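S.K.: Each chain, written out:
Number of protein chains: 6
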Amino acid sequence: MNLVLRNIHRPPAQLTEAFSQYGVATVHEAQGRTGLLAPRIRPIYAGARISGAAVTVSVPPADNWMIHVAVEQCRAGDILVVAPTSLSEAGYFGELLASSLRSRGVRGLVIDAGVRDVAELTAMSFPAWSRCISAQGTVKETLGSVNVPVVCAGMLVHPGDVVIADDDGVCIVPRQTAAATLEQCAARTRKEAAVRARLEAGELGLDIYGMRARLAERGLIYQDAPPESA
Amino acid sequence: MNLVLRNIHRPPAQLTEAFSQYGVATVHEAQGRTGLLAPRIRPIYAGARISGAAVTVSVPPADNWMIHVAVEQCRAGDILVVAPTSLSEAGYFGELLASSLRSRGVRGLVIDAGVRDVAELTAMSFPAWSRCISAQGTVKETLGSVNVPVVCAGMLVHPGDVVIADDDGVCIVPRQTAAATLEQCAARTRKEAAVRARLEAGELGLDIYGMRARLAERGLIYQDAPPESA
Amino acid sequence: MNLVLRNIHRPPAQLTEAFSQYGVATVHEAQGRTGLLAPRIRPIYAGARISGAAVTVSVPPADNWMIHVAVEQCRAGDILVVAPTSLSEAGYFGELLASSLRSRGVRGLVIDAGVRDVAELTAMSFPAWSRCISAQGTVKETLGSVNVPVVCAGMLVHPGDVVIADDDGVCIVPRQTAAATLEQCAARTRKEAAVRARLEAGELGLDIYGMRARLAERGLIYQDAPPESA
Amino acid sequence: MNLVLRNIHRPPAQLTEAFSQYGVATVHEAQGRTGLLAPRIRPIYAGARISGAAVTVSVPPADNWMIHVAVEQCRAGDILVVAPTSLSEAGYFGELLASSLRSRGVRGLVIDAGVRDVAELTAMSFPAWSRCISAQGTVKETLGSVNVPVVCAGMLVHPGDVVIADDDGVCIVPRQTAAATLEQCAARTRKEAAVRARLEAGELGLDIYGMRARLAERGLIYQDAPPESA
Amino acid sequence: MNLVLRNIHRPPAQLTEAFSQYGVATVHEAQGRTGLLAPRIRPIYAGARISGAAVTVSVPPADNWMIHVAVEQCRAGDILVVAPTSLSEAGYFGELLASSLRSRGVRGLVIDAGVRDVAELTAMSFPAWSRCISAQGTVKETLGSVNVPVVCAGMLVHPGDVVIADDDGVCIVPRQTAAATLEQCAARTRKEAAVRARLEAGELGLDIYGMRARLAERGLIYQDAPPESA
Amino acid sequence: MNLVLRNIHRPPAQLTEAFSQYGVATVHEAQGRTGLLAPRIRPIYAGARISGAAVTVSVPPADNWMIHVAVEQCRAGDILVVAPTSLSEAGYFGELLASSLRSRGVRGLVIDAGVRDVAELTAMSFPAWSRCISAQGTVKETLGSVNVPVVCAGMLVHPGDVVIADDDGVCIVPRQTAAATLEQCAARTRKEAAVRARLEAGELGLDIYGMRARLAERGLIYQDAPPESA
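Chains as they are written, first to last, in my numbering: chain R, 1 to 230; chain L, 1 to 230; chain F, 1 to 230; chain V, 1 to 230; chain X, 1 to 230; chain D, 1 to 230.
Quick caveat, the hints were computed from the structure, so don't treat them as lab data. These numbers come from a predicted model, not from an experiment. One should not assume that every hint holds.
[Said to hold, decoys possible] Here are the in silico distance ranges between beta carbons for each label pair:
id, chain 1, residue 1, chain 2, residue 2, range
1, D, 213, X, 40, 33 to 41 Å
2, V, 12, D, 47, 54 to 62 Å
3, D, 40, F, 156, 12 to 20 Å
4, L, 192, D, 225, 49 to 57 Å
5, F, 198, V, 223, 51 to 59 Å
6, D, 213, X, 125, 20 to 28 Å
Glycine residues also receive a C-beta, built at the ideal position from the N, C-alpha and C atoms.
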């Protein structure tokens, strides 16, 4: 059955936006090291950091018809998350679709397949995270679904989940736990700031984190390098 | 038999050059979604876009002798297309060969193997598209051929074919159909400009392309998200 | 047995630093085409070139505890070289560890696994060469070793070896032969400068390197392209 | 939170077992081309075909502690489905764990990581489907979870789902729809038997499936090969 | 343009069949180390060796419609060679298509994509060489072409070329040079038989091939291992 | 410098042979989870298990000249270990070299590149472990070295080290520690036999290994599955 779910539940906009002050690495740690897409998903240009609500798209291999369908379901602040039902390196998405999404306030794209027109996407500052860059065209022949749960690059994504993406990759925060995770991000960031200052001042992580006793207990041996034979 | 073909037939220079105003994605679509090299072929730096006539080189694995032979066969406006006869990630090409090609007016390199000296190539704005970046040296022990048909990254390339390369990858246009394909590029670009304006104004691709009836005919179902349980 | 070797023997600082004037490709050629890490090791940003003495770390998969241990063993001018004992794409290293290493004068990181916080590492100009970029967190549960010989991306690295890294990748020069290799680099660079000038002036490598006789002896055939049928 | 869910709901045994008369390809088609694990998951020996109820295990990279925990949750007719939280090629599973599972009536293993002792597993006819074969040992240091939903080789698996595995790979049927899918398998198999007989008798799929009109409508052109020039 | 070429020119049947007495490695050497498909193409079961005339099929990704079209163009002694226009790991081919091909006397399949029903194909001794094994279904929505030149796994294949396939992989012999290559195979095999007998008798290749002088000339150094320190 | 080291030191024959009673997985565990080659190295046929002394060969990419040189350095009980200096999938080794090695009593081959004639090697029961199967021919143009330390599939191998290879892969035991590792294998095997008997009798690893307390201490939570809603 091929389905388009309309008017999905999204987190409050200010909650979703608040995540963009934290990096993917922080969010991933803050929610217990879960939610990361596989590292094959890379940004098409460096320096972007976005957060938004997921509009999900399940697409057949090398067929981008459902992305056109999904555009209509997008609102300002959304991020499109596209997952093919089997491996594809085709170029599903280019500058025309980006123009259309931009006009609706969509913040970016995450796709476990290919993207094209990357020079144009870069020039218009429309960020995308993808498996590859490929100009290979797609067809519009087979249905898929919009706003169903999808597995994208190894991670389950529900419509309305929070997507955070930056140079480190992409992390998904379930909508139900987004507020709690955001608080964890803030707490973690405060703690890291204190540690950073001590590390910059030359203190060792071994001491700050109190690791020496546990290393000794596990049996780590320290030796000086032997003198070199003449 | 190892062969060097001299004085190959090239398209007229103004025809070859005219392709550089179009991107790889446009050219690929304009000639019926054919001609693309596999997406493993990536530019060594972002932002270059070139077109030119192919001088082809068939090389043994990890042996760049024939590239030295090929330089002599190059003219202003050419692009060197290098294909190993079996898998190699060696660094066949660096700054010295680029200096030599540049002095002859060659516009760039496409190679299904490795390139080195990428900092220097970037500084001198000599673009290259390659399978990988590798400083691994090559030998000069075994013959290959110049200006024979080669399969490069999955695509058949004849000497004198038009090569278009940009941030999206590399596309090959057969010399015999280059003029017709160029016209298709222009037509396609005009059509896309009109669509882009409508998309930027907020119209939907679903309406512009008239997709709604066919989606309904195929059985796509639209539903509103159910209310959440308390 | 899990071991930390302290006070390893390093080459003289001026020797280690002198390598940074040469690129990885030059050093690799100068020492007889040996020492290169596999090309999967890529810089997280373009444009860095460093040289330094290797502090080596053998780490379990997805466990970065020993990197914290290794920091204490680092001195100004060192480069950290990290090798997992089996395949891992986890993000072992981020901005906090970089801050700690920077405060000790460490010049950069080479790791056959993942790195995170790449936007921050780029902003602070702390270069890293890695297998991938990944925010995937690691644990601190299992011991490894510091300053033992490791195989990193296919290459044997001893503590105190010279590491040279730039946009082409990473090359290792054994400590014992570093002085001799440096001389070879200088000699090679002088020779290449002369060749470059001749190539830029339009001379052919075929003539400069005297290749024509050997090509003929091997049986390379030159032919003109046949006229095209009407 | 690390959780072990006990006494999960499983489909009736005769329902689960009935799937083993159909191949993975049939089941996948019968439920609308969904449920397949990525083709990197391969059997360690040819010729096995099993079906059973999934006991799922989420494991850290290179740490098989939770598999020991999961054994206790298994019953006769189950299949263990193991998914690492990030990429691992370690050998999580060998002959001792297989002996333990066998004594409880477990039918086999599916794991998106490595398996070892494959000669012994083959000799005892304990089938396994895995990403790779690897003797690399694992640790028992970090918790995971048992009988939570996991993403294994790109597919979402809930505890109690039906797992079907044979030489073609692995397919997952959700518990809730297992009975309906089984009926579809039977219907599909009957239909295919009729087609097979006609194909073996030399009839063409083009005619059996009535494809000729639609091919013509799409514009497929038939031509005879031109005579060869003398 | 989508084309089906009928009544292609094939080599004489006895010529095509004669190749099956030689292995792929011999044929590849006999025609000057050309014609091999990339080693990712592997047999679905061990022990098959076939030769035949190529019927070529260019297919869209994940769409096997044109294979049904191609069946009609096949004759006894043919081998089907299928190449997707972009990367696909879908399962294009299974037992029903094999039954249809077998009824026409087709000897096997070569495909740079996936095959399914491998247990059934093995049971009916219908050999196939493929990129992967995958039950992932395909659609029948987009045209391709039959009996046009295709690039399959990096090698150009024309309809009517001779295909040789065994446990080592797949080699293509152009129709025009098939007779000459067959003679080279016979000559090579005779020569190898003589060498084999001498090697089995303990003579060294170094002596049989007269390599010692050239090794010395290149500067190979022989040394005895130093005595071990006590 | 290209070197052949003659008369390397080997472990006593009965020591080397004794390892073949243990599998690779056992040896790897017995020496502290070290020594494994990367899992890309796979046997060309199932069921072989060998142990022997390493004769190492460092070869250029796609050039098998030094394997011919290495044959002369082999003795009964040796295993040839071949490592290319950069990535190669060429078929370095086939039936003629196997015949030559067999006549000298060599037990098998380990190579981080391609092997060909696998049907013949299987028929003559000459086992080989390789990165791939490939008929791609090699040249004999460039020197390498024999019996120098090599890195093969990520592992350092010295001439005279013990090589153990079976269906799980390949493990290297340094010559100096071989006797001690063999004792560890025996001890480990005895211990496993006792555990196996208890597991087969239905006891749980959780109890045999005493894991329950540590799991509880780490916070593992056990819950019953909730009843299903009607």
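S.K.: Could you run down the list of hints and mark each one as holding or not?
M.R.: Against the structure, the hints:
no., hint, verdict
1, 213(D) to 40(X): 33 to 41 Å, "violated, 49 Å"
2, 12(V) to 47(D): 54 to 62 Å, "violated, 39 Å"
3, 40(D) to 156(F): 12 to 20 Å, "holds, 19 Å"
4, 192(L) to 225(D): 49 to 57 Å, "holds, 55 Å"
5, 198(F) to 223(V): 51 to 59 Å, "holds, 55 Å"
6, 213(D) to 125(X): 20 to 28 Å, "violated, 57 Å"
Comparing the model with each numbered hint stated earlier shows that hints 1, 2 and 6 do not hold.
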